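Protein chains: 2
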Amino acid sequence: MSPEEFRNQGKQMIDWIADYYENIEQYPVLSQVKPGEIKNQLPDSAPLESESMTQIMEDVNSIIMPGITHWQSPNFYAFFPSNSSGPSILGDLLSSGLGVQGMIWATSPACTELETRVLDWLSEMLQLPEKFKSSSDGGAVIQDTASSAALSAILAAREKKTNYETNDSGSLGNLVAYVSMHTHSSVEKAIKIAGIGKNNLRLIGVDENLAMRPDLLETAIKNDLQNGLIPFFVCATVGTTSTNAMDPLPEIGQICQQYELWMHIDAAMSGTAAICPEYRYLLNGVEYADSFSFNPHKWMFTNFDCNCFFVADRSVLIKTLSILPEYLKNQATESGAVFDYRDWHIQLGRRFRSLKLWFVIRHYGVNGLRYHIRQHINLAQQFAEWVRSSDEFDLVTPAPLNLVCFAHKSGNDFNRKLLETINNKGKMYFTHTVINNQYVLRMCIGQTNTKEEHVDLAWKIIQETAKELSYQKL
Amino acid sequence: MSPEEFRNQGKQMIDWIADYYENIEQYPVLSQVKPGEIKNQLPDSAPLESESMTQIMEDVNSIIMPGITHWQSPNFYAFFPSNSSGPSILGDLLSSGLGVQGMIWATSPACTELETRVLDWLSEMLQLPEKFKSSSDGGAVIQDTASSAALSAILAAREKKTNYETNDSGSLGNLVAYVSMHTHSSVEKAIKIAGIGKNNLRLIGVDENLAMRPDLLETAIKNDLQNGLIPFFVCATVGTTSTNAMDPLPEIGQICQQYELWMHIDAAMSGTAAICPEYRYLLNGVEYADSFSFNPHKWMFTNFDCNCFFVADRSVLIKTLSILPEYLKNQATESGAVFDYRDWHIQLGRRFRSLKLWFVIRHYGVNGLRYHIRQHINLAQQFAEWVRSSDEFDLVTPAPLNLVCFAHKSGNDFNRKLLETINNKGKMYFTHTVINNQYVLRMCIGQTNTKEEHVDLAWKIIQETAKELSYQKL
Numbered sequence: 001m002s003p004e005e006f007r008n009q010g011k012q013m014i015d016w017i018a019d020y021y022e023n024i025e026q027y028p029v030l031s032q033v034k035p036g037e038i039k040n041q042l043p044d045s046a047p048l049e050s051e052s053m054t055q056i057m058e059d060v061n062s063i064i065m066p067g068i069t070h071w072q073s074p075n076f077y078a079f080f081p082s083n084s085s086g087p088s089i090l091g092d093l094l095s096s097g098l099g100v101q102g103m104i105w106a107t108s109p110a111c112t113e114l115e116t117r118v119l120d121w122l123s124e125m126l127q128l129p130e131k132f133k134s135s136s137d138g139g140a141v142i143q144d145t146a147s148s149a150a151l152s153a154i155l156a157a158r159e160k161k162t163n164y165e166t167n168d169s170g171s172l173g174n175l176v177a178y179v180s181m182h183t184h185s186s187v188e189k190a191i192k193i194a195g196i197g198k199n200n201l202r203l204i205g206v207d208e209n210l211a212m213r214p215d216l217l218e219t220a221i222k223n224d225l226q227n228g229l230i231p232f233f234v235c236a237t238v239g240t241t242s243t244n245a246m247d248p249l250p251e252i253g254q255i256c257q258q259y260e261l262w263m264h265i266d267a268a269m270s271g272t273a274a275i276c277p278e279y280r281y282l283l284n285g286v287e288y289a290d291s292f293s294f295n296p297h298k299w300m301f302t303n304f305d306c307n308c309f310f311v312a313d314r315s316v317l318i319k320t321l322s323i324l325p326e327y328l329k330n331q332a333t334e335s336g337a338v339f340d341y342r343d344w345h346i347q348l349g350r351r352f353r354s355l356k357l358w359f360v361i362r363h364y365g366v367n368g369l370r371y372h373i374r375q376h377i378n379l380a381q382q383f384a385e386w387v388r389s390s391d392e393f394d395l396v397t398p399a400p401l402n403l404v405c406f407a408h409k410s411g412n413d414f415n416r417k418l419l420e421t422i423n424n425k426g427k428m429y430f431t432h433t434v435i436n437n438q439y440v441l442r443m444c445i446g447q448t449n450t451k452e453e454h455v456d457l458a459w460k461i462i463q464e465t466a467k468e469l470s471y472q473k474l
Numbered sequence: 001m002s003p004e005e006f007r008n009q010g011k012q013m014i015d016w017i018a019d020y021y022e023n024i025e026q027y028p029v030l031s032q033v034k035p036g037e038i039k040n041q042l043p044d045s046a047p048l049e050s051e052s053m054t055q056i057m058e059d060v061n062s063i064i065m066p067g068i069t070h071w072q073s074p075n076f077y078a079f080f081p082s083n084s085s086g087p088s089i090l091g092d093l094l095s096s097g098l099g100v101q102g103m104i105w106a107t108s109p110a111c112t113e114l115e116t117r118v119l120d121w122l123s124e125m126l127q128l129p130e131k132f133k134s135s136s137d138g139g140a141v142i143q144d145t146a147s148s149a150a151l152s153a154i155l156a157a158r159e160k161k162t163n164y165e166t167n168d169s170g171s172l173g174n175l176v177a178y179v180s181m182h183t184h185s186s187v188e189k190a191i192k193i194a195g196i197g198k199n200n201l202r203l204i205g206v207d208e209n210l211a212m213r214p215d216l217l218e219t220a221i222k223n224d225l226q227n228g229l230i231p232f233f234v235c236a237t238v239g240t241t242s243t244n245a246m247d248p249l250p251e252i253g254q255i256c257q258q259y260e261l262w263m264h265i266d267a268a269m270s271g272t273a274a275i276c277p278e279y280r281y282l283l284n285g286v287e288y289a290d291s292f293s294f295n296p297h298k299w300m301f302t303n304f305d306c307n308c309f310f311v312a313d314r315s316v317l318i319k320t321l322s323i324l325p326e327y328l329k330n331q332a333t334e335s336g337a338v339f340d341y342r343d344w345h346i347q348l349g350r351r352f353r354s355l356k357l358w359f360v361i362r363h364y365g366v367n368g369l370r371y372h373i374r375q376h377i378n379l380a381q382q383f384a385e386w387v388r389s390s391d392e393f394d395l396v397t398p399a400p401l402n403l404v405c406f407a408h409k410s411g412n413d414f415n416r417k418l419l420e421t422i423n424n425k426g427k428m429y430f431t432h433t434v435i436n437n438q439y440v441l442r443m444c445i446g447q448t449n450t451k452e453e454h455v456d457l458a459w460k461i462i463q464e465t466a467k468e469l470s471y472q473k474l
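These protein sequences, in sequence, are chains H and R. According to the UniProt record's numbering, the first sequence is numbered sequentially starting from 1. According to the UniProt record's numbering, the second sequence is numbered sequentially starting from 1.
For the record, the hints were derived by calculation from the structure and aren't laboratory data. In this text, all values refer to a predicted model and were calculated from it rather than measured experimentally. Hints may be right or wrong, so weigh each one.
Same chains, same names: a pair is fine if it fits in one copy or spans any two.
[To be verified] Below are the DMTMM-like pairs computed for lysine to aspartate or glutamate, each with C-alpha atoms no more than 25 Å apart in a straight line:
| hint | residue 1 | residue 2 |
| --- | --- | --- |
| 1 | Lys161 | Glu188 |
| 2 | Lys11 | Glu58 |
| 3 | Lys409 | Asp394 |
| 4 | Lys131 | Glu22 |
| 5 | Lys198 | Glu165 |
| 6 | Lys133 | Glu278 |
Construct all of the structure, not just a fragment, from the sequences and the given hints.
This is the structure in structure tokens:
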């Protein structure tokens, strides 16, 4: 494709995307297709000869679009947000256009150095301790997801605890890690990947707010020590996926310090709130952490994938994941003059992801980001208030930020039916969780374009549908 | 950013990228900046207030661009290609615009089903055995990189061999894996991540063409068995990174079959050549493989990241990486009605990457892709012929495809100086390897826009610079 044709086709694609955002509310939020429906419309074999962009875009419109669940719709309240924005899409487009492979500093110095600088900005925006800055012994790197960040933390913790012996001789099945019963399942996956074994992952009990109980954590650690096992890692969560529960970081941190465990903090969605001074308290205790991660691709207007992973002692991470003999690389790396980011995560290759993050932060400004985060939280708090004042619905857990967990008083079957009925209507999409055998509805408010009118409408739909279903039941 | 502003800014960005490709040869291919030079031009703190796209793009031009090594330049011959194309950039742009998170089928059915279909197309284009097709017991998934694909293969092999016991109880340091001395270092990294330990990775010796020697592989396996260890995994390479050596797949495959080892094939760059019938022989023996991967983001005009990972028995992979209890998910997944791709790789979240691959295959058509691959190979073969006929240079290894390894007759120091001098001139960029203590120059020809005139120029620059350096030496 010549630059001229790219110019022409590219502008049409930009128009297509702008049109999409203008009309996004006209699509059913949750795709209504059945398994196989999309695949069966696509030819069995690749075309031998070239096809035009017009043909391709016709198929996008007729075949692909019905199979899209519209994550960017302002009426999307499911799972967690994965919000995006114009500047992010443009930063990502620039990254694709440059086509840079930033595996080491030398393969494009700007790719490494912009990333380092922007992550230091974020460190300051979140008021993280100095140790996480690149100018100290720590630093940060963009990873794809919080899952990969957790895996990297587990590996660094494993190597630090075994004095890098596991990298040489393999795991021995005697290391033990700790999470709460509500920690995201990606940690269990990472524990299996790292050769620790899920039988060596303790699921610590939670308090009435579904936050990890430090007393039970300490009991479990003591018990494992008595049995000759080696506790090495704790993951504390700021805002669990299920209910946005907040593990008590200072208490967990003190235990990690006392027993010499690596403390990782997963603040995937909720970490973003801490850029607002009034929500920074959520990160109190982060000073104990060895690593910390959050996802601008969830709630900071940066399109997937973009996880920011901060580490207090980069030398441990690098020594764990570097594949070059130390004598070749470490002097430059440890001096801080040059980071080779391929030694900071699982993959070797990497794209220029800091561009989109840089575009987003500059386009919004820190105050602009704070404004939108506060709007989302205010909308969620308003929704929680409606639930509290309602005769038909109960608030099931505290709603500290932008996630509201609630249920109709008519029981699990009713709530299941209510969710299904509403999602099939296509006007909004939300999901559920299960807490102590109770089927609970989740409204997570964080899409870029969600405004008061959308949340008003959602509450109206929920109430009306509940009334209809109650009536049918009578 | 409103849709209208996005429309306006987006078109300017498209123009910027089109201009970039029109003028790309005017930049020095290898960035000439010093460590810290980019970072020090960027402010210490994020801006509090919004900045305009004009300001941001001014900084892209003045600060970022000098720190770019131009991977998309037709004069880029370093490492391996990471080629891109107009349709790929547009497919990726559409993916960013839709902002879909395809972790499971239900979160956007089109994201899963297009991927399955396009990977089946590729399976056919590469004439892979039926077992790798989604309609059989196997299937394929897009991963970010060949490193992650190798890690996934190692994990599946580990679990299959231990009857899923390692996932439960952790590794035991008695599993052994095999690669050649020239296998990519990502496999060593994956072996460490998986808790196998690098002492349990055997580096098998190579023949005169730097391909793995099956007799030494079998000896090593027998030796480990005698010592009570458990051989479980072999990675064979189609086109090593260093010299494009081709491991003998049928012989290695037979040994894997006999001793019940998982056979993974890494064809990261060179796999693409097999879409041309005359190069399909490179994959002879793939019928023995349990898994196979190659990177359209290297040599198939699809921008990073896009690795295609094929597996012969998807149930092993899914059972290894699934984090949901089996009774919840496996009936739908194993029936083939629904794939939840988050259970096919390390990460949970995933973007809509099949769009760019679909755009590329349809824009070029299979014949178009073949045409460009053949052009690259012809150019490299022409270059190899020039080296062979030269009095000053030697061809160091066979050049089966698009990589030529050669050296000036004047020894290591001279070649090192030659490479450095040429790369600093900025007209082209190539890199080196070391083979049996010999410093060897590498010309890897695979950039989308590399034509005869560029390779002519490269050979001219190399010859002239060598003459200048020889003259200075006298």
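Going down the list of hints, with the structure as the test:
no., hint, result
1, Lys161 with Glu188, "both (19 Å within a copy, 21 Å between copies)"
2, Lys11 with Glu58, "both (16 Å within a copy, 21 Å between copies)"
3, Lys409 with Asp394, "within (7 Å within a copy, 82 Å between copies)"
4, Lys131 with Glu22, "neither (44 Å within a copy, 44 Å between copies)"
5, Lys198 with Glu165, "both (21 Å within a copy, 10 Å between copies)"
6, Lys133 with Glu278, "within (23 Å within a copy, 53 Å between copies)"
In terms of the numbered hints stated before, the structure departs from hint 4 and from no other.
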